[in-house]
Amino acid sequence: MSAVLEVSGLKTHFFTHAGVVKAVDGVDFTVSKGEIMGLVGESGSGKSITGFSIIGLIDAPGRIVEGSIKFNGEEIANAKEERLQSLRGNRISMIFQDPMMTLNPVLRVDTQMIEAILAHESVSKQTAWERSRDALGLVGIPSPEERLRAYPHQLSGGMRQRVAIATAFLNRPDLIIADEPTTALDVTIQAQIIHEAQKLTRQTGTAMIWITHDLAVVAGLAERISVMYAGRIVEQGGIDDVIDRPLHPYTVGLLGSVPTANRRGKRLFQIEGMTPNMLDLPKGCAFGPRCHARTDACGLQPPIEDIDGRSLRCFNPQRAAEAVK
Amino acid sequence: MSDMTAVTVPVAEPSPKVETPFQRFRAEFFESKIATVALGVFLIIVLLAVFAPWITPQNPYDLAQVSVMDGRLPPGSEAFDGYTMWLGSDGSGRDLYSAILYGLRISLTVGLASGVIALLIGMAIGLVAAYAGGRIEAIIMRIVDLQLSFPASLVALMMVAALGKGVDKIILALVIAQWAYYARTVRATALVERGKEYVEAAQCLGISRFRIVFRHILPNCMAPLIVVGTVQTASAISLEATLSFLGVGLPQTEPSIGVLIANGFEYMLSGRYWISVFPGLALLFTVVSINLVGDHLRDVLNPRLKK
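Sequence lines, in order, name chains A and B.
Following the numbering used here, the numbering of the first sequence begins with 1 at its first residue and continues without gaps.
Following the numbering used here, the numbering of the second sequence begins with 1 at its first residue and continues without gaps.
It cannot be assumed that every hint is accurate.
[To be verified] Part of the chain A face toward chain B, derived, beta carbon under 10 Å:
1) F15
2) R88
3) F96
[Stated by the list, open to error] Which stretches of chain B does chain A cover? Using the computed rule of at least three CB atoms under 8 Å from a CB of chain A, they are:
4) 146-157
5) 172-178
Keep in mind that the hints were calculated from the coordinates and are not lab data.
These numbers were taken from a predicted model, which means no experiment stands behind them.
All residues carry an ideal CB built from backbone N, CA and C; glycine is no exception.
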């Protein structure tokens, strides 16, 4: 499988008055054609900023300071704005968290969808309209002609997210970055949306980065998973490997804190402490102070190591896995 | 996850009646009786002004039709030409009913023209400021602040003094006096809209900056702009009347409402109230009806006041 996206050593920093926030600090991953990669982490771990770095929409005072983003072999980190604009919505699309906010309230659905096509291709309005209608049908919206004429406020949340997904798929992109697309929806709608997204990536061969904090969503959806903490990927690997046998203490803690049927009656595992202040990260391993498996070695920054076909940033993977049992 | 097509069925909603934002807005607007009446009064005033030449007995601009013999006649008197002057006549023999309707034409033209031009200019400048940001925004907004620190009537007075008399010059003066209000409103709204997620989403679709500003941000700024527009148009009409009353606005030969009020001013103490009072009432009705409509528009268009 060919790599659609290769991110290596990506660093996106924000130069604020209070200091430099290293929101993304050395992230590497690869996404292949048709693959869904889950990017998991808590709020402020840099997962959304990673997404925005790829699509080239980092606003001042932030910027990509280092690293490379290769999209179909082309370097797009800090590429020219015109080039990025021609990729956005065309080859790389994005789906956002809150469907109430991402559709323009004063424009009809058809206006917004047709516009997304015409921004990249010179086809007739009629063709664009037909493609929009077919796209809505593809994401399971009944009577798409009617929905096209509607204004966003006339659609339910799930319906709007379907419209957003249909819009993202309109130009058959090679890569879709979905930034917590199901967080604002209730669980049944969430399941439907995940199903539609999975179906579409399979049909079109589009690669997808699914950013979320919800491990359950990723477990049922993605093929590979990257766990982020404080701007770095701490564990990355095949979904079954990571979910069944987590090696990094942070992943262990995250998975341990999810209630499951076979842990009924037992206390859930809890990660100590709070998320670190991004302006003042602990020395060495950023997760060190909260880690249940820390040793003296953790005062140094652990390097990325390949263990069992996954990459890991931890000195004591064995201790981490044993602690929860 | 194998087959979830059955799950997709419940999302079918009863198909909503496609209702445009404009239809919703219209329904809400006519809920208020006062605003409906005010809008009605304003429309009647506009119709009277538009059809003035066909519904008035005299053309006050045509000196051949104006006779000094008819001067200062009280309401209900018969003119030398045989028609009844229901509102009386002024010092130079103009039928006040005719003069008021012709005066309203000028006042409304001046008010609407300067309102629309100032709106367009202020809107463009405000949008540029909001979207450009940085130094350009700072410079534009300091100019706006500077201008708004002077009363509009003072700015207009200075401009008219510099430009001279005439309808076009009055309009220009009013535009210069009022664009800053629009610029400030648009910039404030556009800044809020620019931070919203739909703008980011549009950027992610690769839509050009120009289109984002004019197709996406601008329509969302229309609500406050319409409100400021109505209020500023009313204030442009009264500003024009003020300037004409002070004698720097329109010439005697083309009496606007302000000129008519000024003409009657010297007769007030001699009991000939009608020369000033009737044009004054016409101005009052016009400005108050526009303001009432504007007030209600603000209530309807402001999402924070929604029930």
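>> Of the numbered hints stated earlier in the document, which are not met by this structure?
In response: 1, 4, 5
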